[in-house]
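Participant: If you want the building blocks of each chain, they are given just below.
There are 2 protein chains.
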Amino acid sequence: MPDLTRVFNPKTVAVVGDKKASGYMWLKSLKTFTGNLYSVQLDENEIPGIEELGVQNFKSLGEIPEPIDFVVCAVPRQVAPYIVKDCVENQVGGVTLFTSGFAETGEEQGRELQDSIEKMAREGDLALIGPNCMGLHIPELGVRFNQDQPSGVKGDVGFISQSGTHGMNFSLTGAAHGIVCSKLISFGNGIVLEAADYLDYLADDPDTKYIGLYIEGARDGRRLIEALRNATSKKPVVTWKGGQTAAGSRATQSHTASLATDQAIWDAIVRQTGALAVDSLDEMIDVIKALRLSKPAAGNRVCLLAMTGGQSVVLTDAFAKEGWDVPILSDASLEKFGEFFNVIGGSYRNPLDMAGTVSQDPKNLDRILDILNDDPRIDALAMELSATFMARRWADKPEEFERLLDSIKAFQARSDKPLITILHPSHVEAAALDARQKLQARDIAVFQSFERAASAMAKVATLRADNG
Amino acid sequence: MPDLTRVFNPKTVAVVGDKKASGYMWLKSLKTFTGNLYSVQLDENEIPGIEELGVQNFKSLGEIPEPIDFVVCAVPRQVAPYIVKDCVENQVGGVTLFTSGFAETGEEQGRELQDSIEKMAREGDLALIGPNCMGLHIPELGVRFNQDQPSGVKGDVGFISQSGTHGMNFSLTGAAHGIVCSKLISFGNGIVLEAADYLDYLADDPDTKYIGLYIEGARDGRRLIEALRNATSKKPVVTWKGGQTAAGSRATQSHTASLATDQAIWDAIVRQTGALAVDSLDEMIDVIKALRLSKPAAGNRVCLLAMTGGQSVVLTDAFAKEGWDVPILSDASLEKFGEFFNVIGGSYRNPLDMAGTVSQDPKNLDRILDILNDDPRIDALAMELSATFMARRWADKPEEFERLLDSIKAFQARSDKPLITILHPSHVEAAALDARQKLQARDIAVFQSFERAASAMAKVATLRADNG
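So the protein sequences, as listed, match chains G and Y.
Numbering-wise, my numbering puts 267 at position 267 of the first sequence, and it's gapless, one number per residue.
Numbering-wise, my numbering puts 195 at position 195 of the second sequence, and it's gapless, one number per residue.
Errors might be hidden in some of the hints.
[Claimed, not checked] Within a straight-line C-alpha distance of at most 30 angstroms, the following computed DSSO-like cross-link-like pairs (lysine-lysine) qualify:
| no. | chain 1 | residue 1 | chain 2 | residue 2 |
| --- | --- | --- | --- | --- |
| 1 | G | Lys31 | G | Lys19 |
| 2 | Y | Lys321 | Y | Lys154 |
| 3 | Y | Lys154 | G | Lys28 |
| 4 | Y | Lys154 | Y | Lys363 |
| 5 | G | Lys20 | Y | Lys397 |
| 6 | G | Lys409 | G | Lys438 |
| 7 | Y | Lys11 | Y | Lys363 |
| 8 | Y | Lys363 | Y | Lys397 |
| 9 | G | Lys321 | Y | Lys459 |
| 10 | G | Lys397 | Y | Lys234 |
| 11 | G | Lys154 | G | Lys59 |
| 12 | Y | Lys154 | Y | Lys59 |
| 13 | G | Lys397 | Y | Lys19 |
| 14 | G | Lys154 | G | Lys28 |
| 15 | Y | Lys28 | G | Lys363 |
| 16 | Y | Lys119 | Y | Lys19 |
| 17 | G | Lys321 | G | Lys154 |
| 18 | Y | Lys234 | G | Lys438 |
| 19 | Y | Lys20 | G | Lys363 |
| 20 | Y | Lys363 | G | Lys19 |
| 21 | G | Lys20 | Y | Lys363 |
| 22 | Y | Lys235 | Y | Lys209 |
| 23 | G | Lys20 | G | Lys31 |
| 24 | G | Lys11 | G | Lys31 |
| 25 | G | Lys397 | Y | Lys336 |
| 26 | G | Lys321 | Y | Lys321 |
| 27 | G | Lys28 | Y | Lys363 |
| 28 | Y | Lys19 | G | Lys363 |
| 29 | G | Lys19 | Y | Lys459 |
| 30 | Y | Lys234 | Y | Lys119 |
| 31 | Y | Lys28 | G | Lys459 |
| 32 | G | Lys59 | G | Lys28 |
| 33 | G | Lys363 | G | Lys235 |
| 34 | G | Lys397 | Y | Lys20 |
| 35 | G | Lys363 | G | Lys459 |
| 36 | G | Lys31 | Y | Lys397 |
| 37 | G | Lys459 | Y | Lys459 |
[Claimed, not checked] One side only, chain Y facing chain G, incomplete, derived with CB under 10 angstroms:
| no. | residue |
| --- | --- |
| 38 | Pro67 |
| 39 | Lys321 |
| 40 | Gly346 |
Read the hints as simulated data drawn from the structure, not as lab findings.
Glycine included, C-beta positions come from ideal geometry on N, C-alpha and C.
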């Protein structure tokens, strides 16, 4: 097994084969790299454009005057073996093969090229990522494969993806939801290094507190199980499998030449290794959000705080369906609520229907949260932030929304109970996005629907219960 | 049963009890009303403010110089019986009681007040909507109960809601997704008129082509079943029940004093009456979108068009899980695709992974769609619109996105097969919203996730199959 330390901590990066026709996608994405960035390009017509980007170009890897920690190879498939050979000879820290057209095409030629590359890399002990992938994204070091990915920030989620798009979307959509990667690996066909190798690395990576994994199939199932078991013993691991159905499994063959693991077997693996399973990017982001921003609940009894009665009903259905208990509050709580709660157009037994009470006097929210903090029948709180309030009341009185945020933060500071929020974008998508960013800036978990909140919180509760 | 024709086609509206403290919410919402709007308010302190809004105020309903078709009653609960009495005596077309504080409070006083109002309305044959509700929204006539609701447009969806918030959110979020109501009724406690009455009316309403229903409980189950059966024989009916769980059912009592129908019984009712069931507002909007904008598919064999390989895999899983068949294309199609499709980083057996091919030459999309139109193995098409394309490529070349829209519209014009699109907002929420509005303006169905698209299209296919 090649050592991955250099490639995950690069001080030098070289891109082989970037060109104008592809919009210099690699060199432009890597312009945020904190170390030295080089280009390797033989085509005289391409060199001036590369130099205009301020990147020094060489004719071969060997000509670069310092050792290269990470190589991006973006050449056509016929040229790829020569670059891999060069990587071995120059003892680079690792190489990612963006190049595709190998086993995933189903063509004989692609399969043969792939075999020769694999053989060379294995014999040369080369850390080869891919082929048919996007490689590495390390925000802290400005290593990126897309120009919209964050840089200069240190994240805490390690993400391993057999799909370049899912890896990219996790980094982009995740960032829009306040989640930044420590290290992200898109590994495509995974002919040398595969998911298990990256799991082993991230399990011991001190910057990585949570691991996400998108996988289609593993060459060595036993190794993957061991790596999952090892990783889950150290940090939460959330898995998402592509190719869950017969048709989806056929699609994985054209995508990464993977024989998708049978779903029933995969489910058993997830269960036995103590990982979590999700079925979409949205779920992946929701669950990681819940892991990062919600305290562990002591039990499954939730108090639901809605603005209006209709929402209180469907919010309750959503949580109850996910196994949450929505109990009537303690007698002491009911008595205290009875003193000030507006019951005309409101109710407080749990769920709460509280718009009237909170609008009457904003201090009432603190009062409500205090009562729930003291209620021994309640382990967790989930609060609706209403889009219609967002559209009118909070648009007119932004200080009232700020006050609400302060109340939530103050509760989170003094209480051991998790409190999460739900804000459906509804018809005020721009305002809801702005509000979401305010919540995220304060590290308050906010979900986009009752169902998504209930599901993510339930999955996380299960994971925490299983892993003690 | 009171006749509902006048109240649903009002030429005159009177609001009783609107005031400054509530922001004149009723008079401001109704400023778009196409007929004559009046106010009834006794409080001398409130009258100048009302007249400043340009609304003529009277001291009682009887003083208004013309018959009133629709009354909004926004007085405190103790005053409500007097207004209901006035409505009977003045033979108004109908009245909605925004007033709450009745049986839903669980208090004796509230129950008694409700009983007296019910008795008066029944004896006076008064079309009483509510109490504890938002009443009517008729966009074409500018009848609204929220200032962000559309007006001056004629919609085709009748929506009946036991919850004011769900009714309001359907009209607001629906409008943001291109769906406008013909008539919307929020009926709260439903003590005189209930869901069955509105179903009967909308079943025969020529402006209403689709019916949506949010319900918590029915007083007369047998009548509701008959009304559902009658309505589904004339147009599609999509139902959403609140109080599906024990805890949710408890919440309905505080909300609309409803004893929620047992969920197993409700499921049987839905099945037997040929209605559809959904579980959230998002699902309601998705299904109505699919009904309005997708042609009926001849069968369940779908071709999935994704931009990248990873998306092609999870798009396939999402549709296959919802019962869609994702077959390999016909030999004739495969042969034609083999002539031009880019298989390095792409594939075409179904699902399609087509970014490379379409980017190479935009005409290739028309070619792809033509081949699928001719393929006898395919009944329906679902196409991913990529957020990362939206962020970069289409942002730089908006004409390329316009061309894509033209290709979709041209296909829809020449093909009998439904074609729907999916655009996840991802990290480009503003751009995705803009793109969604462009799609909606062209009556192209666009869903926000693979799962939501697959589910809505499957539900609609079931409904259409069941109802022949």
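Participant: Failing hints, ascending?
Facilitator: 2, 3, 4, 7, 10, 11, 12, 17, 18, 25, 29, 30, 31, 33, 35 and 38
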